[in-house]
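Basically our numbering = 1-based index in the sequence shown + 160.
In short, the hints are calculated from the structure, not lab data. It should be emphasised that the depicted structure is a prediction, and the values quoted were computed from it without experimental measurement. The C-beta atom is built at its ideal place from N, Cα and C for all residues, glycine as well. Accuracy of the hints is not assured; some may be wrong.
Cut-off 20 angstroms, straight-line C-alpha distance, at most; resulting in silico cross-link-like pairs (SDA-like, lysine to any residue) [what the hints assert, rightly or not]:
1) LYS524 x PRO435
2) LYS183 x VAL372
3) LYS428 x GLY512
4) LYS526 x SER404
5) LYS428 x ILE476
6) LYS282 x PRO239
7) LYS187 x LYS428
8) LYS233 x ARG284
9) LYS415 x ALA214
10) LYS415 x THR444
11) LYS233 x ASN199
12) LYS415 x GLY512
Label pairs and their calculated CB-CB ranges [to be verified]:
13) ALA278 x VAL322: 50 to 60 angstroms
14) SER344 x ARG500: 26 to 36 angstroms
15) TYR438 x PRO247: 53 to 63 angstroms
16) ASP258 x GLU369: 18 to 28 angstroms
17) PRO188 x PRO479: 47 to 57 angstroms
18) ALA314 x LEU545: 49 to 59 angstroms
19) ALA226 x LEU464: 23 to 33 angstroms
20) ALA278 x ALA226: 15 to 25 angstroms
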Amino acid sequence: MNTQDVWAEIDLSAIAHNVGAFKRMLKPGCRLMAAVKANAYGHGLLEVSACALAHGADALGVARFAEALRIRKAGITAPVLIFGHTPISCVGRLVNYDLTQAVYNMDTARMLSEAATAQGKKVRAHLKVDTGMGRLGILARGAVPDVADEGGMAPGLDEATVICGLPGIELEGVYTHFATADESDKGFAHQQLFLFTAFIEKLRARGIEFTVRHAANSAAVIDMPETHLDMVRVGISMYGIYPSDMVNRSRIRLKPAMSIKTRIIHLKQVDAGFPVSYGGDAVTARPTTIATVAIGYGDGYRRLLSTNGRMLVRGISAPVLGRVCMDQTMLDVTDIPGVRLGDEVVVIGTQGNESVTADELARKTKTISYEVVTAVSERVTRVYLGTKNLDKKHGG
161 MNTQDVWAEI
171 DLSAIAHNVG
181 AFKRMLKPGC
191 RLMAAVKANA
201 YGHGLLEVSA
211 CALAHGADAL
221 GVARFAEALR
231 IRKAGITAPV
241 LIFGHTPISC
251 VGRLVNYDLT
261 QAVYNMDTAR
271 MLSEAATAQG
281 KKVRAHLKVD
291 TGMGRLGILA
301 RGAVPDVADE
311 GGMAPGLDEA
321 TVICGLPGIE
331 LEGVYTHFAT
341 ADESDKGFAH
351 QQLFLFTAFI
361 EKLRARGIEF
371 TVRHAANSAA
381 VIDMPETHLD
391 MVRVGISMYG
401 IYPSDMVNRS
411 RIRLKPAMSI
421 KTRIIHLKQV
431 DAGFPVSYGG
441 DAVTARPTTI
451 ATVAIGYGDG
461 YRRLLSTNGR
471 MLVRGISAPV
481 LGRVCMDQTM
491 LDVTDIPGVR
501 LGDEVVVIGT
511 QGNESVTADE
521 LARKTKTISY
531 EVVTAVSERV
541 TRVYLGTKNL
551 DKKHGG
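Generate coordinates for the entire structure from the input sequences, incorporating the hints supplied.
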């Protein structure tokens, strides 16, 4: 029995479905990396990792060393790629735990090389190539961005060549990241793909080969099959959320994995003209039944939803009344019959014939669905439903 006042239900069978749906889109031999950074986009790092691997994922991707370490300490042995920076103090353990590190500049490469050589070991790495994101990676472009000329690429090629020759590093993979694959115009994404493949070919001409090439994120997997290469990286859509309104949703049916629920913890009747919440700027226009629910911005429910959001009570939409507080939010339930203390309230998810989606909350708060789900705080208990037969030691 769930005794929490606010909780997130994570449907592991939905994640299993989504992983399977993406696997069926791939050509034979193409691997799938499940992106589980940021606590698996708010869904739970270890539970989602085990589920994804048990249902077809071949590897995991995280942003930070601490995330990768948690995975290894849980007994998960599948390949784990760290996309971001690993502090020098952690490099020794990175080697010991057989983790794979993104190499995006000479400093990172030398740090890894020295640590691995000192231990008499080799560290696995993937070379990150910047083809137009401007974030991490060795630059693949010259002064003319859509021309993959040897002269313009020379600095990046030279840097990559030196990195590939460092002792103690096993550069098994190379990858890039698309900046606009989730937009309707795929022109820039195709330009990035062109630069990426040209960069790899020029390295091959220098005698440098990679086992795994990957570029596709969720949007590219859906809309751009030519980007699938040797492996794809599925993030937001593994959790049942489309990357944007501009991808072709008819190509894959996703099931949302997260529902957020709370309870009514207080009910009161007030007269017309009653000010509600901080600032008193929300004033009732009629005799009103106010339901206080146990979720606020401390749980990740944004203040931008003040007098703007809605939740579901007894299958009926109840508008947010006044400003969202840290720990509670008030709803107008005047028109909902039979409301009682303890009633379950849906913040994200479905109740009866009504639904509130992460996309809806994103639109109302002028952000993206990624932020909505990753913002769900740690004090919101995760309750796991669905698939239970998960092997955390599954190697993909």
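We went through each hint and held it up to the structure:
Only pairs whose Cα atoms come within 20 angstroms are accepted, and LYS524 paired with PRO435 is rejected, the gap being roughly 23 angstroms. About 17 angstroms separates the Cα atoms of LYS183 and VAL372, which keeps this hinted pair within 20 angstroms; it holds. For the given pair, LYS428 sits about 25 angstroms from GLY512 by alpha-carbon distance, which is inconsistent with the 20 angstroms threshold. Simply put, LYS526 and SER404 have alpha-carbon atoms about 13 angstroms apart, close enough for the 20 angstroms limit, and the pair holds.
About 19 angstroms separates the Cα atoms of LYS428 and ILE476, which keeps this hinted pair within 20 angstroms; it holds. About 15 angstroms separates the Cα atoms of LYS282 and PRO239, which keeps this hinted pair within 20 angstroms; it holds. For a cut-off of 20 angstroms, the pair hint linking LYS187 to LYS428 is broken: about 59 angstroms separates their Cα positions. A C-alpha spacing of about 18 angstroms is found between LYS233 and ARG284, which places the hinted pair at or below 20 angstroms, so the restraint holds.
Distance restraint check for LYS415 and ALA214: the Cα-Cα separation of roughly 18 angstroms lies within the 20 angstroms cut-off, and the hinted pair is therefore satisfied. Note on LYS415 and THR444: the hinted pairing is violated, with a Cα-Cα distance of about 38 angstroms set against a maximum of 20 angstroms. Taken as a hint, the LYS233 and ASN199 pair is honoured in the structure, with Cα atoms around 15 angstroms apart against an allowance of 20 angstroms. For a cut-off of 20 angstroms, the pair hint linking LYS415 to GLY512 stands: about 17 angstroms separates their Cα positions.
At about 20 angstroms, the beta-carbon gap between ALA278 and VAL322 misses the expected band of 50 to 60 angstroms. Our hint of 26 to 36 angstroms for SER344 and ARG500 is violated, since their Cβ atoms are close to 47 angstroms apart. Between TYR438 and PRO247 the CB atoms are about 41 angstroms apart, so this pair departs from the stated range of 53 to 63 angstroms. The hint said 18 to 28 angstroms for the Cβ distance between ASP258 and GLU369, and at roughly 22 angstroms that hint holds.
With their beta carbons about 51 angstroms apart, PRO188 and PRO479 fall inside the hinted range of 47 to 57 angstroms. A C-beta distance of roughly 54 angstroms is found between ALA314 and LEU545, which places it inside the suggested range of 49 to 59 angstroms. The hinted window of 23 to 33 angstroms between ALA226 and LEU464 holds, with their beta carbons roughly 30 angstroms apart. The hinted range of 15 to 25 angstroms is satisfied by ALA278 and ALA226, whose Cβ atoms lie roughly 22 angstroms apart.
Taken one by one, the earlier hints fail for this structure at numbers 1, 3, 7, 10, 13, 14 and 15, listed in ascending order.
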